[in-house]
Amino acid sequence: MHTNQLGRLAILALCMLAFMPGASADDVEMWPILKEQTFGDRPIHEEDGTVVLEAPQKVEDAAIVPLTVRIPPSVKGKLKSLTVFIDNNPDPKVATLTFGPAAGSGGERSFSTRVRVDNFSHARAILELDDGSLHMATKFLTAAGGCAAMQAKDPDADTAGMGKTIVRTFSPALESSPIWAGQVMIRHPNNNGMQLDINTAKFIPARYVREMTVERDGDLVFKLDATFSISTNPNFRFTFAKGEENNLNVSIVDTDGAVFEGRSERSGS
Amino acid sequence: MLHRIQELKPISKAGATNSGAASLAPSHADVVRAALAITVAAFLVSLPAQAAPMAVTEVAPGVYVHQGRYEVQSAENRGDISNASFVVGSEAVAVIDTSGSLALGAELREAILDVTDKPIRYVINTHMHPDHVLGNATFNRDDPTFVGHYKLARALGTRSEGYITANKQMLGEAAFEGSEIVLPTLLIKETTTLDLGDRTLILEPLETGHTDNDLIVTDTKTDTLFLGDLLFSGHIPTIDGSITGWLAVLDALQQRGAARVVPGHGPPSMAWPEALEPEQHYLATVATDVRQQITEGKTLSEATKTAGFSEEAAWKLFDQYHVRNVTAAFAELEWN
Numbered sequence: 259m260h261t262n263q264l265g266r267l268a269i270l271a272l273c274m275l276a277f278m279p280g281a282s283a284d285d286v287e288m289w290p291i292l293k294e295q296t297f298g299d300r301p302i303h304e305e306d307g308t309v310v311l312e313a314p315q316k317v318e319d320a321a322i323v324p325l326t327v328r329i330p331p332s333v334k335g336k337l338k339s340l341t342v343f344i345d346n347n348p349d350p351k352v353a354t355l356t357f358g359p360a361a362g363s364g365g366e367r368s369f370s371t372r373v374r375v376d377n378f379s380h381a382r383a384i385l386e387l388d389d390g391s392l393h394m395a396t397k398f399l400t401a402a403g404g405c406a407a408m409q410a411k412d413p414d415a416d417t418a419g420m421g422k423t424i425v426r427t428f429s430p431a432l433e434s435s436p437i438w439a440g441q442v443m444i445r446h447p448n449n450n451g452m453q454l455d456i457n458t459a460k461f462i463p464a465r466y467v468r469e470m471t472v473e474r475d476g477d478l479v480f481k482l483d484a485t486f487s488i489s490t491n492p493n494f495r496f497t498f499a500k501g502e503e504n505n506l507n508v509s510i511v512d513t514d515g516a517v518f519e520g521r522s523e524r525s526g527s
Numbered sequence: 068m069l070h071r072i073q074e075l076k077p078i079s080k081a082g083a084t085n086s087g088a089a090s091l092a093p094s095h096a097d098v099v100r101a102a103l104a105i106t107v108a109a110f111l112v113s114l115p116a117q118a119a120p121m122a123v124t125e126v127a128p129g130v131y132v133h134q135g136r137y138e139v140q141s142a143e144n145r146g147d148i149s150n151a152s153f154v155v156g157s158e159a160v161a162v163i164d165t166s167g168s169l170a171l172g173a174e175l176r177e178a179i180l181d182v183t184d185k186p187i188r189y190v191i192n193t194h195m196h197p198d199h200v201l202g203n204a205t206f207n208r209d210d211p212t213f214v215g216h217y218k219l220a221r222a223l224g225t226r227s228e229g230y231i232t233a234n235k236q237m238l239g240e241a242a243f244e245g246s247e248i249v250l251p252t253l254l255i256k257e258t259t260t261l262d263l264g265d266r267t268l269i270l271e272p273l274e275t276g277h278t279d280n281d282l283i284v285t286d287t288k289t290d291t292l293f294l295g296d297l298l299f300s301g302h303i304p305t306i307d308g309s310i311t312g313w314l315a316v317l318d319a320l321q322q323r324g325a326a327r328v329v330p331g332h333g334p335p336s337m338a339w340p341e342a343l344e345p346e347q348h349y350l351a352t353v354a355t356d357v358r359q360q361i362t363e364g365k366t367l368s369e370a371t372k373t374a375g376f377s378e379e380a381a382w383k384l385f386d387q388y389h390v391r392n393v394t395a396a397f398a399e400l401e402w403n
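Top line first, the protein sequences correspond to chains U and D.
Throughout, our numbering is defined as the position within the first sequence, counted from one, plus 258.
Throughout, our numbering is defined as the position within the second sequence, counted from one, plus 67.
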């Protein structure tokens, strides 16, 4: 844990260097560093169809960029983990999901969220299968918002409603499908701590969702470790294995240690 | 009265003779001639580069508006993409938005000096966007009070770095030179009156709409209402606050009268409340379509492919801003 955080600091420093005058993000090739740090020398299969990453062709709002990771139905068996990177973000690791027994072992599994993109960058999804093999899909994002992209539109409204959590389930169109879909939304400004307020000459303190645990009927679907690359009011869509009740329990922890909990309404359909 | 005002056309750039200008308002031609004279004089005595006055239209007595282009900032347009106005009283002048660069602010200032020698006492910004505030610094030499919504300082304070970087990139170093963020010194939290001598301006801070720091201004003498970017015409509206808040603001404003309104993007003067109809229609269509997608359990990406596209033909810059608007609307409405 400790070394992980040190590593993250090092990356942060590197990225900040990249944004300094005289250097550009292109000068520092992030991926080899990220790869080494996260996966060591393990081989990664690139674009072999095991995992698919969807991103808009042209990013319109760099503060809310929808990313979807799909695992085609042809991929059978359990999943171990999924890690999403945006190479040139201040903290490139967007999120890591560690899957549990209720994540399912078939059907079309997917995970979607919305991210902030600080500069032109590759986005990557690296899926770890149960056999330990790693598979990567990559997309290039032509989005640049600078730090402005990190900004909430109505910070007072976001702060006022902070912690409100909505959890939904969507039953599949086909009764026989082994997979259900779920959604978690949480009102949270997800401040990244990088905005200097020139009125006060102080940085707005970082405060963002760092951990989320999703359970179905008491079994783990996944545990997610997140960074401030997730957009304001974090929003997640995902799949889970069909169970008895199909009730979701969600627990969220932010960097201040505040805990927010949510539970799905019983699906109406 | 209103039909006459709608016929007003802006004087073309750089003082070229405009057949419409003389017949509509002879005083404008004089203004342009004076501007030319000053510019030529400046060249003759070889002073450091002197700004040429920007073209302005007198939409009501003592109320002048420069119309920006319906474009995204570029080196070619130098950031001249939004409306900038000024109101002349018997004692002082108030500027309402300063355009998108220091140089454009200087051209606006020259246009003011062509009309009056009264001191520029107030520089008012209708909201935080760079195309409305980056000319502020030009007016530092007049030592005015910089005025804005009470949330403007925070909004600018935390975005300044991003705004500066992005606009330097879009305008290029030359056109951007010297532009900076100037924070308001008078923050408006409740309805406030400013006296310009023989006329007063009423300033009203609004709830979150186009942004979270929208300020509207009424010139009581001519009943002219400056709406900033709460009103777009021709140029597609851009949502950087709250779509439901904006629609609510429009509903409330629709109930009140005004002899004319000045949009943040659009013609220098428009009839009220007819002017708001296209924008209201756009925002309502986006809200309705997005709500439907949310109800159907669709995702944000799915919504950006369909919602509001029936409005495509009605707006300039649709390709540049519409999907962004749908994105903002979706992220807001899914909480309702």
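Quick caveat, the hints were computed from the structure, so don't treat them as lab data.
Some hints here could point you the wrong way.
[Claimed, not checked] With the C-beta cut set under 8 Å, the calculated list includes, among others, these residues of chain D facing chain U:
1. T225
2. D307
3. S309
4. I361
5. E363
6. A395
[Said to hold, decoys possible] Restraint ranges, calculated between C-beta atoms of paired labels, are given here:
7. U:G421 / D:E143: 58 to 64 Å
8. D:K256 / U:A516: 56 to 62 Å
9. U:F461 / D:E143: 34 to 40 Å
10. D:G301 / U:H303: 50 to 56 Å
Backbone N, C-alpha and C fix where the C-beta goes; we use that ideal spot for every residue, glycine too.
Here is what the structure says about each hint:
no., hint, result
1, T225, "5 Å, holds"
2, D307, "6 Å, holds"
3, S309, "6 Å, holds"
4, I361, "11 Å, violated"
5, E363, "11 Å, violated"
6, A395, "7 Å, holds"
7, U:G421 / D:E143: 58 to 64 Å, "47 Å, violated"
8, D:K256 / U:A516: 56 to 62 Å, "30 Å, violated"
9, U:F461 / D:E143: 34 to 40 Å, "37 Å, holds"
10, D:G301 / U:H303: 50 to 56 Å, "51 Å, holds"
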